[in-house]
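Residues per chain are reported as follows:
There are 4 protein chains.
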Amino acid sequence: VRARGTKAGRKALWAGGYRSGPGKALAKISISHPFDRRLAAQDLAGSLAHARGLHRAGLLSRKDLAAIEAGLADIGGEIAEGSFRFEDTDEDVHMNVERRLSALSGEAGGRIHAGRSRNDQVALDLRLWTMAAIDRARVAIDALSLALVERAEDWLEKGIVVAARTHLRAAQPILLSHALLAYVEMLRRDTDRLADCRRRAAISPLGSGACAGTTLPIDRSAVAESLGLPAITENSLDAVSDRDFAAEFAFAAALAMVHLSRLAEDLILWTGEEFRVLRLPESATTGSSMMPQKKNPDSLELVRGKTGRAAGSLVSLLTTLKGLPLSYNRDLQETQEPLFAAADTLELSLAAMTEVVTGLTPRPARERAEIDAAALSTDVAEELVRRGAPFREAHGRVARWIRRAAQENTDFREVAAADEPKLATFLRRLTPETSVRARDLPGGTAPERVRERIRELRKVLRPARSAR
Amino acid sequence: VRARGTKAGRKALWAGGYRSGPGKALAKISISHPFDRRLAAQDLAGSLAHARGLHRAGLLSRKDLAAIEAGLADIGGEIAEGSFRFEDTDEDVHMNVERRLSALSGEAGGRIHAGRSRNDQVALDLRLWTMAAIDRARVAIDALSLALVERAEDWLEKGIVVAARTHLRAAQPILLSHALLAYVEMLRRDTDRLADCRRRAAISPLGSGACAGTTLPIDRSAVAESLGLPAITENSLDAVSDRDFAAEFAFAAALAMVHLSRLAEDLILWTGEEFRVLRLPESATTGSSMMPQKKNPDSLELVRGKTGRAAGSLVSLLTTLKGLPLSYNRDLQETQEPLFAAADTLELSLAAMTEVVTGLTPRPARERAEIDAAALSTDVAEELVRRGAPFREAHGRVARWIRRAAQENTDFREVAAADEPKLATFLRRLTPETSVRARDLPGGTAPERVRERIRELRKVLRPARSAR
Amino acid sequence: VRARGTKAGRKALWAGGYRSGPGKALAKISISHPFDRRLAAQDLAGSLAHARGLHRAGLLSRKDLAAIEAGLADIGGEIAEGSFRFEDTDEDVHMNVERRLSALSGEAGGRIHAGRSRNDQVALDLRLWTMAAIDRARVAIDALSLALVERAEDWLEKGIVVAARTHLRAAQPILLSHALLAYVEMLRRDTDRLADCRRRAAISPLGSGACAGTTLPIDRSAVAESLGLPAITENSLDAVSDRDFAAEFAFAAALAMVHLSRLAEDLILWTGEEFRVLRLPESATTGSSMMPQKKNPDSLELVRGKTGRAAGSLVSLLTTLKGLPLSYNRDLQETQEPLFAAADTLELSLAAMTEVVTGLTPRPARERAEIDAAALSTDVAEELVRRGAPFREAHGRVARWIRRAAQENTDFREVAAADEPKLATFLRRLTPETSVRARDLPGGTAPERVRERIRELRKVLRPARSAR
Amino acid sequence: VRARGTKAGRKALWAGGYRSGPGKALAKISISHPFDRRLAAQDLAGSLAHARGLHRAGLLSRKDLAAIEAGLADIGGEIAEGSFRFEDTDEDVHMNVERRLSALSGEAGGRIHAGRSRNDQVALDLRLWTMAAIDRARVAIDALSLALVERAEDWLEKGIVVAARTHLRAAQPILLSHALLAYVEMLRRDTDRLADCRRRAAISPLGSGACAGTTLPIDRSAVAESLGLPAITENSLDAVSDRDFAAEFAFAAALAMVHLSRLAEDLILWTGEEFRVLRLPESATTGSSMMPQKKNPDSLELVRGKTGRAAGSLVSLLTTLKGLPLSYNRDLQETQEPLFAAADTLELSLAAMTEVVTGLTPRPARERAEIDAAALSTDVAEELVRRGAPFREAHGRVARWIRRAAQENTDFREVAAADEPKLATFLRRLTPETSVRARDLPGGTAPERVRERIRELRKVLRPARSAR
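Protein chains in written order, with my numbering: chain D, 92 to 559; chain S, 92 to 559; chain C, 92 to 559; chain Z, 92 to 559.
Some hints could be false.
Which copy? The list can't say, so a pair holds if one copy fits it or any two copies do.
Said to hold, decoys possible - Result set (DSS-like, lysine-lysine): computed pairs, CA atoms no more than 30 Å apart in a straight line:
id: 1; residue 1: Lys-386; residue 2: Lys-154
id: 2; residue 1: Lys-249; residue 2: Lys-154
id: 3; residue 1: Lys-550; residue 2: Lys-249
id: 4; residue 1: Lys-102; residue 2: Lys-115
id: 5; residue 1: Lys-386; residue 2: Lys-513
id: 6; residue 1: Lys-119; residue 2: Lys-386
id: 7; residue 1: Lys-102; residue 2: Lys-550
Please keep in mind that the hints were generated in silico from the structure rather than gathered at the bench.
A quick note: this is a predicted structure, and the numbers were derived from the prediction, not measured.
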């Protein structure tokens, strides 16, 4: 069976010099339209810009350009409504579009590939697609950030104080809002990284041809401009073989997923019966096929699990790119699915996480574990410092008070007050709430500091949202 | 919009304790039937075995069993012919099958989930699927091995001698067949690793329930036996959370892909205009959309590129599994797509590579580069050793002869013969062909050794094929 | 500065044909003895076996062999006592050993490299090293397994029942011992995989020379046998470029580390103030430089963190190997450090984990959270099945009882007994302890089943230990 | 044996509340000074800034500050000259420095840790270290870029035209300089990415304490400023657990290594006997221990191989970070070695590659393969387009001419001229040189375009160098 047998006698568009078609296995491994059809919108936009460039260069008549413009518009409509037929004779979205364009616009369609190659064409399509994926991801990141900020604001007003943890062990009292804002900071960096990546993606490779450019007098900068791209690539060999933007996007997505995995982990813990800090809305859980009582935090687990997919996509890209000689090699086709997977994973996960965060409610104070007095010990050591003790000595004294209190099964503040009567007043006034208020540096957990940061974040998050 | 709105009022099978359905984003991230429907055949086989186990345990009447058997058979038919409708109300293949079974077999269908959970059910399905994937992969590996052995046999008879390379630089003469057989050795190890993996996969988790087993008196070993599985898992918590077999399969696939990437690299080089060793059939190439003269080795490049996908799948699995607490966590759903991707990647690549190898033809001797005399230098050093010289001294002498020959632009054998007349006869007789014949140890490149290895390989490869 | 300037005028052993030395940067990137000196013991063993092979082949006199044997023994002593001087003139352990051998045993030393290359030599050394690393790892895995089994045995006698978790939410009651044994099952698979890897590593490449074998009449099998290796490689090109055993070891180590990361996660949770299941010995914690009260589970966190190192080592190996043409390429040097890192990571982590497990003590029952009645719901659904109800219906009924109980803030067993009086007796007798006893299938959590598995494990673990 | 037994009775600085020391295995897995001593310079700088901050806050007298300044300077000297003794009692560089500071400056040393924790301290040190590593890497990238530009400039003047390759098959003629500049474009992106990473790293976490800040009135911004850091972190929990900068650096390094691996691959091919484009200097090769004639391109292979190390480091970091709850967890210690390894790998590889490129010389024209006429076919198709033909038709015609020429064993230009006499003049004038000149778009290979780009690159590369 010949792969191109779908249409009797039909040959691939590039097959002028071929006697017969590709082998069966090659046809199978080679066909990419099942996934690269996701580039259709970008392919049409790029083709339109290129056709106009050909017209400006005097290589395409006004009439032919009009036919092509109409044809591309029709194809766009067919794809939108699902009636476009992708054929295996033409292995990818680019050839399928060109074939259909020729059918719709006659000879004009046969003129569109002058001065370009699939090599620069797919490079452009992938760049445009990546830019759009970044735009969607940034909107979604801002939505999650805002959901976190809104919870933080609400719970700040409620004054919810919990134990911050290091090593998953109670460390010091903080506002619960402060913990939420930690995740907003991570997301801010994610969106910054994506913006940097977008800047490096927004460069037009059109005019690089197969690898050495073209002899036709196309105005590359004008074509780029018509696509909204501020710059053109500087070297044709590099332009057709560069997938840095895909790898960089995959990295930014993987690191963002690492952040979501951490938030997922924390929320799984905080909403559990043991930590008892928050409640998950029923709508963020699913049941068990066997155990009637179950309400499991599936959204959170799936997000945490999907971190693997994002890391895998990144590794796929780097492994595929390693050791490739100049310039375009077909290996590069294998960069598409990981790129798409990274974007899908991130988008799906951000939406799921935003839904969860939006539905979170704090448990009533009586359900939450009381903060153990020992979590106040750093405050005491720092008080000793304020009174003149070297910190290392203060640390040792407090540590010994705590050890003694544990042996005597009492509150270390009592042991301390007995040992150091001058501290008695300070110790009596020392509560999780005063401790939180005392951490009054920028970036600290004092209510005023948290409120200030919320105010700043609301400012950056508001315009980012309305801009879209 | 509620996700389960596809059927008005319909609730997930597990949702007895729920007031309303999952959130929109949870529904979206949670639905797995678009990919886990690949487990349908395994799910039906497992359900059949489980139903029979329930019957044997007295928990299912003969009549109900018959109804279930008929229902499962019908579902199998519907899936085979594509008429089975997967609904989003039930997020995965397991619940879709159970729902349909209840529709087909009435109350009997409602009895099938006794004593099991999706947790042990999906563990079983994935194990059975992995075993089948291994079986397919091993057949495909043997097919490629045989294609290589057949070429090796043919070219051995033609006596094709080429320069073996280390560091991609000419090293010593070898039979071209010897190089092909090197790849067969790699593939032998791949098939061994897959066999080991299959052994560890072929263990039944059924009866482990959600995580702690079941209180119903099911005969786990009998159920396993009816599935052709020689053993049962030893710990119910481990049984539902173990995906080692998936990770191990992904590793075996990734390493096999590394081997194919190496073969692809060598064949891209050997069939190029510069190395001129082999010819690629036109059917293993595709053309360029821009450059009329092109016939590119796409199959080989795609295989090499796909190595990234396999490595990425492995990383996905390991990352997802890292740090999960006991026992089942929903993160485990994310192990499925990488498993499927690893299997697909390997299968597609093996078929493509087999097609390429089958079509390879050696170039005529006049086109191949002559083997440079310097590639014979080790033979001379070893001859000096046979005549009593320490090897290190012999190595130095020959090296200096070669350096002198390069300066004088002559054959180093002449320099050597002038400097050491006793070697003259040996040097005169020294050709790439005699050099090859002289490497007559097991594993060496002498024709008799290569022939012997081909004989052995044909023996192991023949039964492996007919067994399927 | 010339790299070989350490000894005036000294040239590398392979540099007979060179006018001058390597460039400064090449010298720096090329020097491997700082890490490959870990192969010294293997290099000496391999050299001894090879020298004896040369003697048997008539290529080394008895006297020269004796000189070499003495020289190698001396070098072994020097390395053991730390007096061996590695020089940069000779970039790796192999050349350093040969250089020193020549210094110690005169001309005999110059004879040892006949019929071998560093390519087969390093392949052998790495195989022997990997085998030794596997042996150490398997002993350490067994030690951890035994520590877990001993705790399991002890706590079985104490009858400690806890809630098993799925999705980190209470699922069903189990014996705490049952959870420990889940980890032993993972470790059993790890040791199996390592054994398979060892089998594939235990093959001698000696006699494969640089890539095409040797013309000298060495008895490869006899040499292999003298090294305790049961087989020889079948293809010289493959033999010098095969690092599958390193990748396979790295995978087995990475998956074992994933298991340890899961155990670490569980133990961090179980020993925390929220879960309150176990106590960590103080000796498994470290304090904080700032917070006087802290005792952090550092061992466990470090083990969990080190999973990244193991996964990274595996990726390093696969990436390095991807796309390499036949046969030996210098890229292969980069397989050594990841191999060493994987082994070190695993060994260090197993020791740390064994220490932790050995020191674990259960908290008194009064400190542990009581098992919520809802965790018994599956027992009730299964009881309904025993009484004839279809499971799906039983599941729904119980789920609704639980929902009602939650609304009424009561125990669902009371709701159930009111709704279904026939169940009253069953419900009254239903406790976590009876629930555990009822899960009496192989692999289940019933005390008899757990006791039985402990007995079996003790049998396999005992000889494994004494065998070393 | 207790780990802290190195000094009788000595306790870790944090061990005030401990009865005894860490277990043996914990001590072993916990000790990090063998690698984190690389942070010593950063630790001293951070400690100095912090001490001055304490002084400004009134928490440290002028005298104590002077003692600390002197102590830190002494420690810097001891470390520089190698006399500083790292003790295992104190597991890391931070505690070792504090211990020594106390020994040198008495009670003042005990005061330095007020208001800080190792958690913010190590975060600072790693940020400063990463910034320094980026600075070194960028200088090295510019050095390699300049070496490539210089070669490109030289060979442009020599007018060396070679076949550009796609799919490793001859595509179209280009200037060899154009290929070198493709790599410079990749390096430009690498340096941009590193600059972005540096910007995100240059933020001070000091004042974040263990996780919740400090109650002492330190001026965080002033401390940051004294370290040359333009900003402070915004959330104390995030500040101590953020290692994004390390992951981002590892990614930038991994992608840069991918670029170097591609250059290495190309240079291995171009300098080989088959491609015959360039010559490698002897100083970039090493010999074989067995084969006297060998000069292997080791630098290039090692660089290509090291790509695996960089990818592995990135995976290590992402895997380690996945799923960590807030805030600092000891797992984070495992981010250091991969960070260091990524930096070392990149730096070593850039130096090796610069050395190779600097020594490259083109082979004389007579040795290089002539460019096959078929590589000019796109020029002909584009000429037909200029004369009014649709490109797709032109492509097909030229393809058929080439196929016919191959059958008739002639130059396709003759077939074309016979078939289309109007093209005869164009075809007669068509040579690789005219083809190169005709690709005269920005980014194209025409000499004027290449010259222009060299001019631009020289401009950016010059100041970058002199700035350091």
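Against the structure, the hints come out as follows:
In the homo-oligomer, the alpha carbons of Lys-386 and Lys-154 never lie at most 30 Å apart, since the shortest distance is 64 Å inside one protomer and 35 Å across protomers. Taking the closest pair of Cα atoms, Lys-249 and Lys-154 never come within 30 Å of each other, the shortest separation being 69 Å inside a single copy and 46 Å across copies. In this homomeric assembly, Lys-550 and Lys-249 come within 30 Å of each other (Cα to Cα) only inside a single copy, at 22 Å, whereas the closest approach across copies is 59 Å. In this assembly of identical chains, the alpha carbons of Lys-102 and Lys-115 lie at most 30 Å apart only when taken from the same copy (14 Å versus 46 Å across copies).
Taking CA atoms no more than 30 Å apart as the test, Lys-386 paired with Lys-513 passes between copies only; the shortest distance there is 28 Å, against 52 Å inside one copy. Taking the closest pair of Cα atoms, Lys-119 and Lys-386 come within 30 Å of each other only across two copies (18 Å); inside a single copy the shortest separation is 44 Å, beyond that limit. Taking the shortest alpha-carbon separations for Lys-102 and Lys-550, neither the intra-copy value of 58 Å nor the inter-copy value of 42 Å comes in at or below 30 Å.
In this structure, the hints that do not hold are numbers 1, 2 and 7, in rising order.
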